[in-house]
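Peer 1: Based on the provided sequences and hints, a complete structural model is requested.
One line per chain: the protein sequences are U and V, in this order. Per full-length UniProt numbering, residue 1 is the first one in the first sequence, and the count goes up by one each step. Per full-length UniProt numbering, residue 1 is the first one in the second sequence, and the count goes up by one each step.
Do not take every clue at face value.
Identical copies go unnamed one by one, so any copy, or any two together, can satisfy a pair.
Listed next, the in silico DSSO-like pairs over lysine-lysine satisfying Cα-Cα at most 30 Å (straight line) [stated by the list, open to error]:
no.	residue 1	residue 2
1	335	283
2	333	587
3	190	283
4	179	319
5	587	546
6	179	335
Bear in mind the hints are in silico, worked out from the structure with no lab data behind them.
2 protein chains.
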Amino acid sequence: MPSYKAPIENVRFILNEVFDVSEIAKLPGYEDATPDVIDAVLEGMAQFCEEVIQPLNLSGDAEGCKYENGVVRTPKGFKEAYDQYVAGGWMGVTSNPAYGGQGLPHTVGSVLEEFVTSANMSFGMYPGLSTGAIRAIEHWAPEHLKQTYLHKMVAGTWSGTMCLTEAHCGTDLGLIRTKASAADSDGSHKITGSKIFISAGEQDLTENIIHLVLAKLPDAPPGVKGISLFIVPKFLPKEDGSVGPRNGVMCGSIEHKMGIKASATCVMNFDEAKGWLIGEPHKGMRAMFTMMNAARFGVAMQGLGIAEVSYQNAVAYAKDRIQGRALTGAKEKDKPADPIIVHPDVRKNLLTMKAFTEAARALSVWVGMQLDVIEKHPDPKVRQEADDLLALMTPILKAYFSDMGSEVANLGVQIYGGHGYIHEWGMEQFVRDARIAQIYEGANGIQALDLVGRKLPQNMGRPLRRFFHPASQFIEAEMENPALAEFMPHFAKAFGKLQQATAIIAQKGMSNPDEAAAASTDYLRMFALVAMAFMWLKMVKVAVAKLPDANGRASFYDGKIKTARFFFQKMLPETETRFRTIMAGSKSLMDLDMEQF
Amino acid sequence: MPSYKAPIENVRFILNEVFDVSEIAKLPGYEDATPDVIDAVLEGMAQFCEEVIQPLNLSGDAEGCKYENGVVRTPKGFKEAYDQYVAGGWMGVTSNPAYGGQGLPHTVGSVLEEFVTSANMSFGMYPGLSTGAIRAIEHWAPEHLKQTYLHKMVAGTWSGTMCLTEAHCGTDLGLIRTKASAADSDGSHKITGSKIFISAGEQDLTENIIHLVLAKLPDAPPGVKGISLFIVPKFLPKEDGSVGPRNGVMCGSIEHKMGIKASATCVMNFDEAKGWLIGEPHKGMRAMFTMMNAARFGVAMQGLGIAEVSYQNAVAYAKDRIQGRALTGAKEKDKPADPIIVHPDVRKNLLTMKAFTEAARALSVWVGMQLDVIEKHPDPKVRQEADDLLALMTPILKAYFSDMGSEVANLGVQIYGGHGYIHEWGMEQFVRDARIAQIYEGANGIQALDLVGRKLPQNMGRPLRRFFHPASQFIEAEMENPALAEFMPHFAKAFGKLQQATAIIAQKGMSNPDEAAAASTDYLRMFALVAMAFMWLKMVKVAVAKLPDANGRASFYDGKIKTARFFFQKMLPETETRFRTIMAGSKSLMDLDMEQF
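Peer 2: Written out as structure tokens, the structure reads:
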């Protein structure tokens, strides 16, 4: 069975040395988020993940969720673990203190999301979905609904879901058929229709489940401009806040999935269920995007979380498994064979995992900090800039991290050889669990379209500048820094190619949108690699500065520099190919007739 | 549930137009393999695969194999399907007529392996393992053992296995602990030990199971030079050829695997089981490689087979699923949305699948033909050349095809979106089934080492010339061919880089073997891409020539040219990055200390 140790030393390095989380703590409302408090939260969550939910991961996968007559049973131990999660106050870590939350920065919250996924991705789905729902209700619901729902949801005794997809539409929500009646005298609407792929739509963990449901009002214009968002509780709350009669919503079945089997994926049937409008009529998509952006960032963290745990176990196995001899002569002569970590190709796989995971964590903290700036910074210009960077980077993180989560998990299986393919060793579960992250919350192809079609042109390229400016400035400031000499020319070159690709996509895409779309996935990947290189440079700069007086930590800093070297020599060159395939344009894709496929 | 139609038109194109299978039919012993016969065999197998085993694929995965007290039960329908397979004479298609086989060329046999995998990879494991065992027995066993076993095995009423791996050793077989006693008076040995990961080690399909087992004789030298190969039947054959008393071999349990769940993967315990030596004492590895090379080629065909079926279903879904609108304006205005195949990125995924599958089939036929030349050609020089090409290309096909099988299956899931993640749709099963092909019969990292460490230096680079010569000759002959003008410079450039990489690896690897090993996986992939480009050029050449008089087939040939264009513009450029990362050398991999991982 795999093991997991939360990577606290690496997290501290990113939060405190590469970035400065104490800057976030200076924002109004975050005064309590001192380094001590953050440290205690990290350690508390690490312990919960390592001791409570990680031991349930493999058994949860084997057992899965069970469905009978509308009732869903989560695997053995999940209810108890969830109760501990609630008792520890973990549900409300980043939520508004007005509703009982601890109001800690999202920067910290996203690190916790990584830990939870590493330990038990399926378990993490339950609080994860609630977080999105809480955010949407807080943002869009009228005060009386907030008062009714948020305290319970922040406490974790009630949970939340997002009900978007229907059997015939996922990406294209304009096609939804779920209907909402005109408002009744009490202000509620009757919701009727069927939703699929609803994570945590039904479960046995919480006393109530609060669904956020997209539906069409009677006077709705066609398409996405006619969608409204409703709050539909499983049980109707009574005046005193306790749970009242059952509402007209039932789980019809659960899916048999490739992975995250301990997370219930439900068909939810609404039959004249009472619902309350949140946000404006027909403007539900806007409200839904409040959830969606947070959810996309959360999915990125899932990719990182799976990569981290897969890496940890792959390293342990590679050091432990003896098989064959080093090509340059036996390394451990007293043993019948050497550990497989002596082999260059095994190291290449391990370093790919490590180089991704560490830079991705840095990138996620940089982007995650923007969430806090957006919410708390007094200066609207600074808030706008943070919002722009977040908008730009969200599709990149969602797609690249989830693609790499799968890639890294597969490398982990490969290092285990035949044992990697066997359930009991746990490595193949990471592959199956990770796979969904490339699909849900907007498949990765959609993320790439969002990047080239929406984020690049947005406000005349304003979001783009939030990455291009700091990258340019870094090049200008550090180009002659001898400590970075081996890296900077490669970074400048890759960044130059990214700028060139950006200009060409913008130009060609104007006359033919298929040109931008044809380039989109290659462009997103290229962008991500340049952003990762940027993070490695930031880490190297710190490591070089600290190394002379590092004493016991010298190996740690030295390891960062060596891993950066690997990234620049073995991973960044992928940008060359991506640039070439972007330049090749859309013609070879669009030329085939339907019947030639 | 997925569907499958054997790609007979594409197979005929490769067998008859791109290559000339009638040349193989001219080899002594293949006189009966006329185009008509081959066509009938292809169509018969297509029908069996489409109608008998494909419908059992999804249910076989859901049900899996069951183990109880040493007995293994295959999923519902497998026994009946296997009986039909035997009744149809399919087991013996390529086997020696002296033992009841049909003696058809291996070129045809490998196409059939593709079909079987597409329809039901798990099912294919049962006859697949037998094929390897038959080959090894025919090659190495003394005549009386051949007479005892081969007729039954070729008929399919008895099956075969390969028992190599033990819990503590897979790649490094020198570490095995299974023991063989000195020969008893009847010439048999007592075999004692435990083997794991034995595919088809126990099942309910055949009346006897013939294990080929690696074990160490009492006087064995240490390491791989002390391993002998034994034939160990589950039931000891009686004089009359019928099944006699149970031998001391038992299945101890079966594995719970990520995929190929309908294929029983067994722990096999040998307790003083009677076994007979085949091949020379202590030279079992050589005999084992007779099976292994065929098995590796078979694994390559599995990668292709999964890619083909995944592609077929992805295309069907992309044409059927309506969602959103084409970016350049609605394509099907009468429908609420356009099919997703209008989108450039969906087409890019489909074309990646298609461009791989079609060129891989061509490459497999080219390499597969060498198997027939090796066995039947009267000229030893020609046989040697065929053997060299096969030796060179086997690790490339095994690793690249199986890597791409997984990659393509994952693209198939992605095209289905959320439905791709659900068992009932069948696409995620392809991912899980395909994954093992990257691991077994030598993990792909081992294939890459075999390529750079063994095949490149072998006989002063002689095997290498069997690819480099025809590629050079093609460039010389076709460089000025206007019909290939858009492709040839790119091919020449990529081939030039491959030659350059080869020279540098050979040179650097001489002084430091870690240098060759560090480059190995990138080099294998680069080699594979160049070989695929070579196949596309051969196909384009035929298509261009036939197009003017093609009439009803014009779209078919035109589709080949367009797909080649996609390959050259979007897939071949990967060689650039691979060249760069090869050149970066081993230092960034080897520099990290153990504790820095």
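Peer 1: Each hint should be assessed against the structure and marked as holding or not.
Peer 2: We went through each hint and held it up to the structure:
1. In the homo-oligomer, the alpha carbons of residue 335 and residue 283 lie at most 30 Å apart only across protomers (25 Å), although the nearest pairing inside one protomer, at 68 Å, exceeds that limit.
2. For the homomeric pair residue 333 and residue 587, the shortest alpha-carbon distance between copies (23 Å) is at most 30 Å, but the shortest distance inside one copy (58 Å) is not.
3. Taking the shortest alpha-carbon separations for residue 190 and residue 283, only the intra-copy value of 18 Å comes in at or below 30 Å, while the best inter-copy value is 78 Å.
4. Only between protomers do residue 179 and residue 319 lie at most 30 Å apart by alpha-carbon distance; the minimum there is 28 Å, versus 58 Å within a single protomer.
5. For a Cα distance limit of 30 Å, the shortest separation of residue 587 from residue 546 across copies, 24 Å, qualifies, whereas the shortest one inside one copy, 51 Å, does not.
6. Taking identical chains as interchangeable, the C-alpha atoms of residue 179 and residue 335 lie at most 30 Å apart only when they sit on different chains, with a minimum of 21 Å there against 70 Å within one chain.
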